[in-house]
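Q: Put together the whole structure using the sequences plus the hints.
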Amino acid sequence: MKILGSDYDGTLKQEGSVTEEDLLAIRKFRAEGNRFGIITGRSVSMIRYELEAWKIPVDFLVCSNGGVIAGADYRILNRFDIGLPVAMELIADLEQDKKVMFGISDGDRFGTLQEGKLSQIPEDPLLTKGQMDAGEILACGIVNSFFVRCPDTEETFALCRRLSGKYGGRLSFYPNRDVFDVVAAGVSKSAGAMAVMRHFGETCHVIGDGYNDLPMIRDFQGFSVESAPEDVKAEAVKIYRSVGECLKELMK
Numbered sequence: 632m633k634i635l636g637s638d639y640d641g642t643l644k645q646e647g648s649v650t651e652e653d654l655l656a657i658r659k660f661r662a663e664g665n666r667f668g669i670i671t672g673r674s675v676s677m678i679r680y681e682l683e684a685w686k687i688p689v690d691f692l693v694c695s696n697g698g699v700i701a702g703a704d705y706r707i708l709n710r711f712d713i714g715l716p717v718a719m720e721l722i723a724d725l726e727q728d729k730k731v732m733f734g735i736s737d738g739d740r741f742g743t744l745q746e747g748k749l750s751q752i753p754e755d756p757l758l759t760k761g762q763m764d765a766g767e768i769l770a771c772g773i774v775n776s777f778f779v780r781c782p783d784t785e786e787t788f789a790l791c792r793r794l795s796g797k798y799g800g801r802l803s804f805y806p807n808r809d810v811f812d813v814v815a816a817g818v819s820k821s822a823g824a825m826a827v828m829r830h831f832g833e834t835c836h837v838i839g840d841g842y843n844d845l846p847m848i849r850d851f852q853g854f855s856v857e858s859a860p861e862d863v864k865a866e867a868v869k870i871y872r873s874v875g876e877c878l879k880e881l882m883k
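In this text, residue positions in the sequence shown follow this note's numbering: the first is 632, and each later residue adds one.
It should be emphasised that the hints constitute simulated quantities derived from the structure, not laboratory data.
Check each hint, because a few of them may be wrong.
Pairs of lysine to any residue, SDA-like flavour, derived with a Cα cap of 20 Å [stated by the list, open to error]:
hint, residue 1, residue 2
1, Lys864, Arg849
2, Lys864, Lys883
3, Lys644, Arg872
4, Lys633, Met825
5, Lys644, Pro756
6, Lys644, Pro860
7, Lys633, Arg658
8, Lys879, Asp690
9, Lys760, Glu683
10, Lys686, Gly761
11, Lys686, Gly799
With beta-carbon atoms standing in for the labels, derived distance ranges [what the hints assert, rightly or not]:
hint, residue 1, residue 2, range
12, Arg706, Thr650, 23 to 31 Å
13, Glu861, Glu746, 30 to 38 Å
14, Ser858, Glu720, 18 to 26 Å
15, Asp704, Arg829, 15 to 23 Å
16, Leu655, Glu683, 17 to 25 Å
17, Glu746, Arg829, 36 to 44 Å
18, Arg849, Ile722, 29 to 37 Å
19, Glu720, Gly766, 40 to 48 Å
Beta carbons are placed, not taken as given, at the ideal position from N, Cα and C, and that holds for glycine.
A: Structural data, given as C-alpha cells:
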C-alpha cells in the first residue's frame, strides 16, 4: 500500500479547478488499494464543500495545517487547539488594525471576526457556503486556528513576520500566498502527515506548492508542482505538473 497526502489550493486545485485527469488518477490509485488524502490549511468544513463539489474521494484529512486529523467521513479524530488566553491576546493585537481581515476556526466551523479592508478579492461561493458567525465559535471557547489577510500580500507577510516574532514558541505561523494561518505551537502539516503514517502503518508521500507545505516537503522528502514558487520547488525531491502525474508515477 502507498499513501499520498496532497495539499489542495494550488496543488490539486489549480487555476480554480480540479482536472478530470487528476480525479481519474485518484480513483485508480485508491482502487489499487492505496490511500489518498488532503493535507490543507483549511478547516474541515472549509474543505468539505470543495471535496463534495468536485467529487474527490479521500481516505483521510489533515486540516488547519495539522491542527485537525479527520477521517473520510469528516469526523474529527484528533485535534490540537490554541490555548484560549493566547488566542484572546492575538485577537486583541489583530483588532488594533482595522484594515486587517481575520477569522477563527474550531477545527471544523469557521467565521470572520473582523472584515478588514480588502480590495479585488473574488468571492468564492464554495468557501462562503460554510461560513458562520465567528462569535458563536468563540463563545464555545475552542479556537483551533486563525486565518489573517491584509489589503496586499506584502503587508500580510510583514504582519506575519512581526507576530511570529512576538508569539514565537507559543503559536506557529504559516504564510501562504496572500494569507497566513496561525495554529498551536508545534502544529504543522509535517506532524499531520506523521499522524497519517502512524495510523496506516506505511510511509506517507506528500506533495504541495506553498510555504506552509515546506515542513512536510522537507521532512518527508516530498514533491511539489510546477506552479509552486521557486524556493518551494527547490526543497522538493521531484516536481510534477499535477497531482495526477505524481499518482501515476507512484503506481508504476
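Q: A separate judgement is required for each hint: does it hold in the structure or not?
A: For each hint, the structure was consulted:
For the given pair, Lys864 sits about 11 Å from Arg849 by alpha-carbon distance, which is consistent with the 20 Å threshold. The hinted pair formed by Lys864 and Lys883 fails the criterion: a straight-line CA distance of about 23 Å is larger than 20 Å. As the CA atoms of Lys644 and Arg872 are separated by approximately 12 Å, the hinted pair is consistent with the 20 Å bound. Distance check on the hinted pair: Lys633 and Met825 sit about 14 Å apart at the alpha-carbon level, within 20 Å; holds.
Under the criterion of a C-alpha separation no larger than 20 Å, the hint pairing Lys644 with Pro756 is consistent with the structure, at around 15 Å. Using a Cα cut-off of 20 Å, the hinted pair Lys644 and Pro860 holds, with the two alpha carbons roughly 16 Å apart. A threshold of 20 Å between alpha carbons decides the hint, and for Lys633 with Arg658 the separation of about 14 Å falls inside it, so the pair holds. For a cut-off of 20 Å, the pair hint linking Lys879 to Asp690 stands: about 18 Å separates their Cα positions.
Straight-line distance between C-alpha atoms of Lys760 and Glu683 comes to about 12 Å, which keeps the hinted pair within the 20 Å bound. With a C-alpha separation of about 17 Å, the suggested pair Lys686 and Gly761 falls inside the 20 Å cut-off, and the hint holds. With a C-alpha separation of about 39 Å, the suggested pair Lys686 and Gly799 falls outside the 20 Å cut-off, and the hint is violated. The hinted window of 23 to 31 Å between Arg706 and Thr650 holds, with their beta carbons roughly 29 Å apart.
In this structure, Glu861 and Glu746 meet the distance hint of 30 to 38 Å, their C-beta atoms being roughly 34 Å apart. Range check, Ser858 to Glu720: about 36 Å between beta-carbon atoms, so the 18 to 26 Å window is missed. Between Asp704 and Arg829 the beta carbon distance is about 20 Å. The supplied range of 15 to 23 Å therefore holds. Evaluation of the 17 to 25 Å hint for Leu655 and Glu683 yields a pass: the beta carbon distance comes to about 18 Å.
At roughly 40 Å, the beta-carbon separation of Glu746 and Arg829 lies within the given 36 to 44 Å, and the hint holds. At roughly 31 Å, the beta-carbon separation of Arg849 and Ile722 lies within the given 29 to 37 Å, and the hint holds. Taking the beta carbon of each, Glu720 and Gly766 are about 18 Å apart, not inside 40 to 48 Å as hinted.
Checked against the numbered hints listed earlier, the structure breaks hints 2, 11, 14, 19; every other hint is satisfied.
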